[in-house]
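Q: Line by line, the protein sequences are chains A and B. Quick note, the first sequence lines up with residues 5 to 433 if you use our numbering. Quick note, the second sequence lines up with residues 5 to 433 if you use our numbering.
Be careful, since some hints might not be right.
Intra- or inter-copy, both count: the list cannot distinguish identical chains.
Claimed, not checked - For lysine-lysine, the following BS3-like pairs were computed, each having C-alpha atoms within a straight-line distance of at most 27 angstroms:
| hint | residue 1 | residue 2 |
| --- | --- | --- |
| 1 | Lys124 | Lys105 |
| 2 | Lys185 | Lys138 |
| 3 | Lys117 | Lys138 |
| 4 | Lys185 | Lys241 |
| 5 | Lys152 | Lys124 |
| 6 | Lys303 | Lys329 |
| 7 | Lys390 | Lys303 |
By construction, these hints were calculated from the structure, which means they are not laboratory data.
There are 2 protein chains.
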Amino acid sequence: MASRKKIELITIGEELLLGLRLNGHLSWIGEQIARRGLTLSRNTSVSDQPEDIEQSFTEAWQRADIVITTGGLGPTADDRTREVIAETLGRPLVRHLGWEKILEEYITNLGRKVLPSHRKQALIPEGAEILPNKNGTAPGLWVSAKGKILIMLPGPTQELQPMFRDEVVPRLEMLEILRCKDHFVEIRTAGVGESVVEQMVAPLGEKYPHLQIAYCAMDGVVDVRFSTANQEYGPDKLQAIADECRTILGDDFVGFGQPLLGQIINDTLREEGQTVAVAESCTGGFLANAFTDIPGSSKTFSGGVVCYNNDAKVQILGVPECLLKQHGAVSAETAVAMAAGAAEKFSSDFAASVTGFAGPGGGTLESPVGTIFIGLHTPQGIWSKKCNFPGTRVTVKKRAVNMALDWLRREVLRQQSDPPPEAIPPYLG
Amino acid sequence: MASRKKIELITIGEELLLGLRLNGHLSWIGEQIARRGLTLSRNTSVSDQPEDIEQSFTEAWQRADIVITTGGLGPTADDRTREVIAETLGRPLVRHLGWEKILEEYITNLGRKVLPSHRKQALIPEGAEILPNKNGTAPGLWVSAKGKILIMLPGPTQELQPMFRDEVVPRLEMLEILRCKDHFVEIRTAGVGESVVEQMVAPLGEKYPHLQIAYCAMDGVVDVRFSTANQEYGPDKLQAIADECRTILGDDFVGFGQPLLGQIINDTLREEGQTVAVAESCTGGFLANAFTDIPGSSKTFSGGVVCYNNDAKVQILGVPECLLKQHGAVSAETAVAMAAGAAEKFSSDFAASVTGFAGPGGGTLESPVGTIFIGLHTPQGIWSKKCNFPGTRVTVKKRAVNMALDWLRREVLRQQSDPPPEAIPPYLG
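For reference, chain A alone in the conformation it holds in the complex (with noise of 0.2 angstroms):
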């Protein structure tokens, strides 16, 4: 195994100063890297201005062994990247003729005239090599010099993300600075907070030494990573462990990777012919979303009423007038009859309400601002759940909806594994 190396990346834009944009392209090599058994090492942002390019490049090529840019290759004035690091670098700009001629195809099958600004993308450092552009007409550069490793990547996402995929992980691996293999494993849980899922997942840490955890929490939902920082275990022994854990977990664990839970409900529905509908009211369409979100999902989505007000719980779903009235609308009774007009509505298997207060208006002295109801209709009973939630108003919808996946998840796998003669209520709030 080589020796490991020092990755930083220097993202570069104002926009991302500005507030204007989060920074992607962060995320997206810090995880591609991650899974390969490395971590950036660091990440700086400046704006295109040429000092500030040239002086995070100078301290960056400094410390690191590998370094990576991203933004400022394309054809506009403000597109520095390629000419300040070339004059860092000491190296003359020489036009790339296989290149120029590439690009000049491109352009013209977009029935645009070539402009200078554009042959401008296949002037490259000298020595530097092309990495091909798929998505446009900027490519990627390579440049090995002293040991080191410079890698300049087009700012747009549609052009960086393949390039990188195709172009740069190969390199790395053939180099081994990136092991070939997926390097860490993601288990993703739902319906505990992160807490507790740390408490069930940190005894892991103390048996494998190597092993390092993190955890990410995501409205109702907790990610976590196993990976180890200098490769002492393979991604047999990672996926091994990884097992272990979803043993600890049991029910609360959702899958490996970062699977919806729509997804999984779609799965499972789908393996046994059957369907799902929704009623909603205080999530207005956000559970329905999250179904069809899913490529495929028409199979197992019968469809969703967002009745938002008491008309249409009455009218469309069939909820009785005097029940509203009784219990009103941000009720267990309520939350019952809205998935029970759902599923007899669309025919389907099974079916999830959700009603309550997402605030910031609304709520009463006993179901204050955050108080939602679930109710969940299977073919074997029909259940409410009463949950609160802090947080704003889409952080509430969220949460809400999670958490009706959540119970939806649990209670068509449960079906599914073990179909019971007689309906046993699955967790009640």
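Got chain A; can you put chain B on it based on the hints?
A: Positioned in the frame of chain A, the structure of chain B alone reads:
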């Protein structure tokens, strides 16, 4: 006016480099500073290893006038920012008795026992000032030294943001480093591409030489931000330029700031006492969700149906079966019937519908993946519009929702300002 200061931000935490979390602090703090007439000059993300914190801080402290750090102030062993930076500055850590008391009360009130690790959070570098934390136990720290300022903020967003707003910004205003009033103007546009917006707005950049113009495009919405690099134009001047821009943009102008399309529709309908309903197929709840994200939308949003299969279209929305057979579910005719059905079912004044192929499967020769039909029902008539969006399933859904919202926005505003006696189609695709 004080001279322009160099501000750097150091975001500390391995999760950023591993790609587990987007660097939200950079975007948020970057925007807060840009609003007040300055621009972050650099952002560095490093792990929480002592040598990484020390090196990045030492470098930034040499380059910048103001250094802001985020993260690593909490009670756990991984939280080392306070210790490392105090040592780098050559200042011993001393107990802050006032904060120790606040800390003890906070933890006791949570019903927990005060541990030595908690008390660590009341240690501050000698001569530092406490920035109170209303939502946690780790205070922020403010250190003045050699004409420079160091600001250390806790990592959790709900602690960092109020602290920055309530403690940091007022101090920087008092020192005349940040402007007391917003120093940029944002304009949201919709329905036209980034290059078209640029074509309309760019002449203002020639007319006003100190004007900085930044664009940010997202799923059919384009934001334009006006600022000046060195505070050459005051807030009133910037607003006057923005008003000029509004006139140039005409109907493509959505609002100042970043108003949601659903918010504009909601506000306008509310003034008129009108309502809207939706019927959606491929956007699967995401259109309804755009309305229900708006606080108070229950007054104007009657509800929606997600009719993911033909049965639901026929039975719930009353789309004629023969129409579906003849023209298909993805057609202008079905879009119109869905919008009419939604308006009738929910007794609403307006209704929007979406049907299409979001991909990756589906599509026909005539209507390939990405083809979307939008239907619009208004008190004055009913129309449809065909669009095609490139991208992934989720991108197509978002673009389709924004297109439907924007069409509805234009029509709701048009009918409010000038209710014509006869039906005239607003714009046909």
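Q: Next, verify each hint and record whether it holds.
A: Each hint tested on the structure:
1. When the C-alpha separation of Lys124 and Lys105 is checked against a cutoff of 27 angstroms, the pair qualifies only within one copy, where the shortest distance is 12 angstroms, while the shortest distance between copies is 63 angstroms.
2. For a Cα distance limit of 27 angstroms, the shortest separation of Lys185 from Lys138 inside one copy, 24 angstroms, qualifies, whereas the shortest one across copies, 46 angstroms, does not.
3. In the homo-oligomer, the alpha carbons of Lys117 and Lys138 lie at most 27 angstroms apart inside one protomer (20 angstroms), although the nearest pairing across protomers, at 59 angstroms, exceeds that limit.
4. In the homo-oligomer, the alpha carbons of Lys185 and Lys241 lie at most 27 angstroms apart inside one protomer (13 angstroms), although the nearest pairing across protomers, at 57 angstroms, exceeds that limit.
5. Taking the shortest Cα distances, Lys152 and Lys124 sit within 27 angstroms of each other inside one copy (26 angstroms), while across copies they are farther apart (42 angstroms).
6. For the identical chains of this complex, Lys303 and Lys329 are inter-copy neighbours only, at 19 angstroms across copies versus 37 angstroms inside a copy, given an alpha-carbon limit of 27 angstroms.
7. Within a single copy, Lys390 and Lys303 get their C-alpha atoms only as close as 30 angstroms, which misses the 27 angstroms cut-off; across copies the closest is 25 angstroms, which meets it.
Against the hints set out earlier in the document, no violation occurs for any number.
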